[in-house]
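Visitor: Protein chains in written order, with our numbering: chain E, 1 to 289; chain D, 290 to 711.
Please note that the accuracy of each hint is not assured.
Calculated pairs, DSS-like style, for lysine-lysine (alpha carbon to alpha carbon, straight line, at most 27 Å) [claimed, not checked]:
{"no.": "1", "chain 1": "D", "residue 1": "Lys673", "chain 2": "E", "residue 2": "Lys138"}
{"no.": "2", "chain 1": "D", "residue 1": "Lys519", "chain 2": "E", "residue 2": "Lys138"}
{"no.": "3", "chain 1": "D", "residue 1": "Lys370", "chain 2": "D", "residue 2": "Lys425"}
{"no.": "4", "chain 1": "D", "residue 1": "Lys673", "chain 2": "D", "residue 2": "Lys370"}
{"no.": "5", "chain 1": "D", "residue 1": "Lys552", "chain 2": "E", "residue 2": "Lys138"}
Hints were generated in silico from the structure; no laboratory data involved. Model, not experiment: these values are computed from the prediction.
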Amino acid sequence: MLSMILSQAANGLVLGFLYVLIAVGLSIIFGMLGIVNFAHGAFFAIGCYLALTLGDMFGWWGVLLAPIATGAIGMIVEFVLIRRLYDKDPLVSLIITFALALFLEASLRALYGAAPQAYNVPDMLTGFVIFGPVLLTKYRLFVLAVTVLALAAFWLFLNFTPFGRIIRAGSRDGEMVGLLGINLPVVFSFVFGIGCLLAGLAGMLAGPLWTVNPSMAGAAIMPAFVIVVIGGLGSFAGAILSGLLVGLTTAMTIQFAPQWSGAAMYILMAVVLLVRPRGLLGERWERFE
Amino acid sequence: MDDTKTGNARGLSRRQLLTTAAGVGAAGIGAQLLGAPFVNRAWAADPIRIGMLWAKTGSIVDQAEYLAQGCQLALEQRGNKILDRPVDLVWLDEPSPQGAQQNAERLISEQGAVALIGGAMSSLALAESAVANKHKVPFIAPNAAADSLTGSACNPYTFRGQPPVSVHTKVLAPYCAGIGKKWYLLTAAYAFGQDIADNFRHYIEANGGEVVGADSVPIGTPDYSSYILKIRAAQPDVVIGGISASDLTTFLKQWKELGMSSKIPFAEIAVGNTDLWGVGAQAAAGLYTLTWYYKNPDNPADEQEMAEQYQKKYNRPAADKTWMGWFGMRSLLSSIEAAGSTESGKLVKALTEWKVRRNGIDVTYRDFDHQMINRLLVAGIKPKITDKWDFFDVKAELPKTPADIEAAYGTEAQSACKMPTI
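Given these sequences and hints, build the entire structure.
Guide: Okay, here's the thing in structure tokens:
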């Protein structure tokens with residue numbers, strides 16, 4: 001039984017990391033732009049479809065381009081639509097991004113059809129790795145490694161580069177940053193693009209494991225929201241911590257009480273919010289008070 | 290300043306005008322693709338309206354697209370008219386059982402639909418069936434398999450095309466028992482999955498086998514690795530699946546990824562071709578029941594012709610769901626023609642009398658439960674797939690004889706349906 005629990009925990013952590021990648025983008029878009037982006041799952045789906053399309057056209061280099069292309073699409077969407085929502089009521093951004101999610105899903109359906117697309121694990125990443133009692137597939141280890149690297153790179157970028165400091169400062173007091181002569185709209189476009197890039201990366205990685213169809217966003221967006229809420233809105237570290245907690249909780253519930261597996265993360269969210277209404281690592285943000 | 294030159298003739302700038310026009314255009318396209326009714330109309334005067342309820346969002350949307358296209362094709366084959374009147378096919382979404390009921394109400398009350406066809410999933414079909422019964426409007430459910438639709442929840446206005454779970458089970462279970470007697474059940478947490486779990490458990494326990502594990506899986510589960518680890522530990526001879534559409538696709542991809550497809554056989558009833566096409570040639574595996582397959586050499590001539598027309602129109606092969614939509618719609622259109630009317634009572638009577646000869650048997654809706662009587666295909670995945678559409682080897686078409694068919698579908702005395710009279 002111990003080996004089973006360890007294997008479940010390892011698989012739960014991999015799932016959790018994938019959720020984290022989706023949730024971090026959602027979290028930074030909310031934390032820095034104040035937008036509750038219901039269309040985030042659609043960018044996850046776009047990343048997956050782009051990986052499929054660009055992979056067919058250019059091979060592996062094309063697959064690697066998919067997250068960047070998703071980020072670029074995100075910046076265009078920010079320029080055309082999202083920046084008009086910054087000074088509006090949060091409810092407006094919620095409704096508009098919900099409509100955007102439906103529109104993007106319908107666009108994918110119009111372009112690719114509703115039927116799922118075949119997208120499998122590449123041959124070089126098939127097979128297993130066994131660590132004592134723990135069994136993991138090579139592809140899941142690859143997902144784990146890419147996710148950890150991407151999150152580490154993003155954290156370093158935010159904390160140790162001048163642009164990262166501008167982003168963090170802009171999220172707390174945009175007016176002051178603007179008065180210092182910094183072009184804040186460009187910064188915000190970039191932030192939205194980064195968030196979409198992370199969602200696109202998650203879509204690219206999830207494609208070989210999940211069903212690739214225009215509705216795949218739905219499977220990503222709800223766990224992402226739960227993770228952001230549990231971790232604390234806008235908290236990078238909180239999203240990571242809660243993503244891993246959600247992955248572990250889901251895996252352990254499937255092992256011991258499978259009938260509760262669908263509800264497990266929502267129960268976890270309810271418990272956390274009862275104890276810490278701001279989420280695990282949520283802070284007090286003046287602009288949202 | 291001359292306002293007309295700057296685009297401000299009515300207080301609207303050119304920029305605002307262009308933005309508004311683009312917004313209206315985009316919203317129109319969005320509405321067309323999503324919420325608003327899609328109306329496939331033949332010509333203007335005095336149309337007959339038929340309501341279609343197929344999912345436009347959610348896990349079953351891939352199958353629903355083929356079902357809808359099959360319905361449209363059946364109508365096109367008749368020149369988009371019936372009783373010398375044009376036909377409007379009005380398509381609304383079925384996002385959830387509640388949403389399906391609301392849209393069924395809209396189709397009947399607002400659009401004046403004389404009949405409904407839809408219910409891509411059993412839970413949706415059951416919800417729509419209740420509305421059809423309330424409004425006394427005939428409802429064809431070509432795809433739903435839950436036993437109760439033509440069993441305990443039957444009603445005079447609901448007609449079902451898909452054989453129920455119990456019939457699929459009787460066809461596939463002997464094949465599974467031939468592989469081994471230790472079964473693991475992995476089924477969805479709604480009517481279809483629960484019926485599969487009950488039927489297969491009953492079969493194997495009555496035939497000297499055992500269920501070594503059973504999990505009920507929420508719809509839309511994105512990661513099955515934890516379930517697969519449990520199955521791996523239980524070491525069954527066969528895994529019986531009861532998860533549908535994109536959930537099945539996700540499961541099979543992860544089943545292969547975790548190296549199980551070459552170790553433990555997987556079997557499931559009533560799958561869709563699209564579920565396996567989405568898995569891809571590399572990961573597809575298993576033993577299944579299907580209602581139809583485009584490469585089955587025994588398909589009658591009219592079905593081969595339909596498949597050719599579909600291929601020509603959509604540049605891809607017709608799926609089993611295309612056939613189910615087409616066959617269900619054909620039964621409805623033929624019945625309207627036979628009734629010479631769209632009046633509900635006459636239409637119900639015509640549907641119960643509708644009959645076509647197919648591969649040596651009379652395919653009909655039974656009068657006592659409105660279940661269509663038809664055969665099924667048992668099919669396995671080809672050992673080597675060379676065509677990205679041609680995945681299945683058809684092993685048998687069952688039940689074979691009329692006596693076998695009656696035994697599989699059960700008699701009126703065995704039926705849970707207590708059909709009230711109209």
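Visitor: Does each hint hold? Answer for all of them.
Guide: Tested hints:
| no. | hint | in the structure |
| --- | --- | --- |
| 1 | Lys673(D) / Lys138(E) | holds (24 Å) |
| 2 | Lys519(D) / Lys138(E) | holds (19 Å) |
| 3 | Lys370(D) / Lys425(D) | holds (23 Å) |
| 4 | Lys673(D) / Lys370(D) | violated (44 Å) |
| 5 | Lys552(D) / Lys138(E) | holds (18 Å) |
Of the numbered hints listed earlier, the single one contradicted by the structure is hint 4.
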